[in-house]
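Undergrad: Please construct the entire structure, taking both the sequences and the accompanying hints into account.
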Amino acid sequence: MVALSRGDDGAQVAAEPFLRGLRIAVCVIAGFVLIPSGLIRNADVYRPLGVQLAAWALLAAVVAVEAVLLVRHRSWGRARYPVLVLVLATSVAALLTIPPEQATSSANWIYGALGWTGLILLFDRPLPWIGGFLAVHGLSTALVVIGVDRAPADIGLNLLVASLGALGFPLATALATATVRRVAGQAAAASRAAQQVRTEEAVAVELHRARQDRFAGLHDSALPLLRGLADRTLDPADPDVQRACAIEAARMRRLFAETDETPDPLLHEVRHGVDFAERRGVIVEMQARGRWPAPPPAVRRALLEAPMAALATAATRARVTVLGADDVLSVSVVADGAVEPSSGADGVEVQTARDQDQMWVEARWTIQPTPASPSPSSTTTARSATGS
Amino acid sequence: MSWFDHADPPIDVLVADDRISAVWHPPGSDADVVVLDLQLTPTRGQEFTALRALVDGGRRVVVYTQDLSRDTAVRCIDIGALAFVTKSEGKEHLVAAVRAAAGGRSYTPPALSGSMLTDDAPERPQLTAQESAALRAWFNSSSKNLAAAQLGISPKTLETYISRARVRYANVGRAAKTKSDLVARALEDGLVGLDDLASRPEE
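In the order they appear, the protein sequences are chains H and G.
Here the first sequence stands for residues 1 to 388, numbered as in my numbering.
Here the second sequence stands for residues 389 to 591, numbered as in my numbering.
Watch out, some of these pointers could steer you wrong.
Unchecked claim - Looking from chain G toward chain H, a few residues come up when the C-beta cut is under 10 angstroms (computed): (1) TRP412; (2) GLU477; (3) SER530; (4) THR545.
Said to hold, decoys possible - To spell it out: a stretch of chain H is covered by chain G in this simulated footprint if at least three of its residues, at any positions, have a beta carbon under 8 angstroms from a beta carbon of chain G; those stretches are: (5) 285-293; (6) 315-326.
Source of the hints: derived by calculation from the structure; they are not laboratory data.
Where a beta carbon is used, it is the ideal one built from N, C-alpha and C, also for glycine.
TA: This is how it looks when you write it as C-alpha cells:
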C-alpha cells in the first residue's frame, strides 16, 4: 500500500472528502448492524447473558467514540491497538457463551457486527491489517463451529453464507478505501512531478534570459573591437588594443563556461564581482569546480568578503576560483596589487599569502551536513601566511 | 608560436597544421611532442578519437584546448595525454608542459589540478590528504610559491605531491604506453613506491 504523507498537496487534499465519506458510511453501517434484535430474541440461549451484554456495550462504545472522532476530524491513533485487542478478546468470549449448535444462527449477532467495528478501528491502516483482522475473526468462529458434531455440512454452509456479509462486505469496503488512497498517492506524485517540471522550466527560462543579457553585452564591447580590427582602424600591435582583446577573450571564455542549470547564489555573486572588475579593465580568469550545497547567507557573505575585496582592488589581472571538494568550499582570488583584506567570520577561514606583486586570498568553509544549522561562529579562525 | 620561439632553450615548431594527418608524416612525424587542440576534430563526439590514435601510436601528447570542463580534462589524461592545458593557462604553462612531455613526464597545470581534485568517477584513484591539499592550493593560487607557503612546505615538495597524484591517475583506467612510462619513471625517481600504486579506492 502507498504510505502517504498527510495534507501536503492538492491531489491528496482532494481525496480527503471521499475517504471521509467512506469513514462515515462505515460508522453508520457498524451502528446499524448493532441494532440488538438478535441479542434480544435469543436472550435465553446465552450462558451467561452478561458476557453478551458486555460485548454489545463495548462495540456500541467503539461506534460512539468513532462518531465523536469523526465530528472532531480526529483519528484513533495509537489507542486503536488496545481497543482492537479488547474487542477481539470480548468477541471470542461472547462466542463461547453461545451453544455451539447456535453459532451460525441469529444468536451469533457478533459475527456480523465485529467486521465493521474492526474496519472502524483499522480504517486508515494498510489493507493487510483489516484482512488479517477479518481472517482471525472468521477463523475463530469457524473453529467453534467445527467443534459441533451434528450436521457439519449444513452448519458449514450456513457459516459460509453468513461470512459473505460478515467478512466480505467489510473487506470490499476496505479495498475501496485502499484504492482511493492509492489513486490519491499517485495523483499526488504526478502533481509533485508536474510542479517540479514547472519550476525547472521557470529556472531555465530565467537563466537563459540572464545569459542572453550577458551575451548581448558582448555586442557593445567585443563587436566594435572586431570591427576595428577588420577594417584596420585598430592596430593589433597597439598594447591598448591587445589589452582590450585579452579582456574580451577572458569574458567570452567565462560566458562559454557557464553551463550550470541551477541558480547558485554564490557563483552569481562571484560573477557579479568579476563583471565589475572587467568593466574596470582587469583581465579576469574564472574557474569553478566541484559541488557544494548552498551555504547559509551569513557564511556566503563571509566567504565572499575577502576574495571580492581583493578582486575589487586588482590592478591589471586576477584569477578567481570556486572549488568544492573533500567537504571544503573555497573562494579564492589571486590578483596583482591588492590591498590587505579583512579576516574571516562565521566559520569561514581566510588565508592570505603574498609573492612579490601577487596577492592570494583564499576563504574556506568546511561544508556542514546541515547548512541551516545555527551558531557556526564557534569555529571562527583567521590565519595569515606570507610567501617568499 | 612565439611562446615557443621565446622559450629558453627554444622549442622548434616542426609543423603547425589544422589537419591531424600532418603529425603522421615528415616533418610532423619527427616531433617529440604533439600539441593537440581538441576542437580540431570536425565532428562532435570524435574529440577523443584523434587523441587515442596518437597515444596508441606512441606519441607524447599535450592537449591544449578551450574546453574547461572537468570531465574532458580527466578523460584526456585517462586516455594518455601527458598534460592538459587550457587556453587561458597557455601563456604560463604551455611551454613547461611541452618540455615535460618531451622528457616523458607529466605536467599538471592548475585547471587540471582542480579537475583531478573534483573528479567523482568511481574509478578515480584514492589521493592522500597531502596530495589533495597540494592540488587544492595549486588550483586556487596557480603559484607554486604561494601554494607551498600556505601549506608550510617547500615548492619542491609541493611538486612532488602533485606529481604523485598525477601518477596515481596514470596508474588507473585505460592502459597506454605513455602512462606506463610515466609510472615507471615515477618508480625509478622514487616519487612513488609500489605500495602507493597498489592502493585502490576503498569504495
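Undergrad: All hints, please: hold or fail.
TA: Hint-by-hint comparison with the structure:
A hinted interface residue such as TRP412/G counts as satisfied when its beta carbon comes closer than 10 angstroms to some beta carbon of chain H; here the least separation is about 31 angstroms, so the hint is violated. Taking 10 angstroms as the C-beta contact cut-off toward chain H, the hint placing GLU477/G at the interface holds, the least distance being around 8 angstroms. Given the 10 angstroms rule on beta carbons, the hint for SER530/G holds: about 6 angstroms separates it from the nearest Cβ of chain H. The restraint placing THR545/G at the interface with chain H is violated, with a minimum CB-CB distance near 14 angstroms, outside the 10 angstroms limit.
Remark: the region 285-293 of chain H is confirmed as covered by chain G, as 5 of its residues place a Cβ nearer than 8 angstroms to a Cβ of that chain, reaching the required three. Evaluation of the coverage hint for the region 315-326 of chain H: fulfilled, as 6 residues show C-beta separations to chain G shorter than 8 angstroms, against a requirement of three.
In summary, the structure is inconsistent with hints 1 and 4 from the numbered list given earlier, while agreeing with the others.
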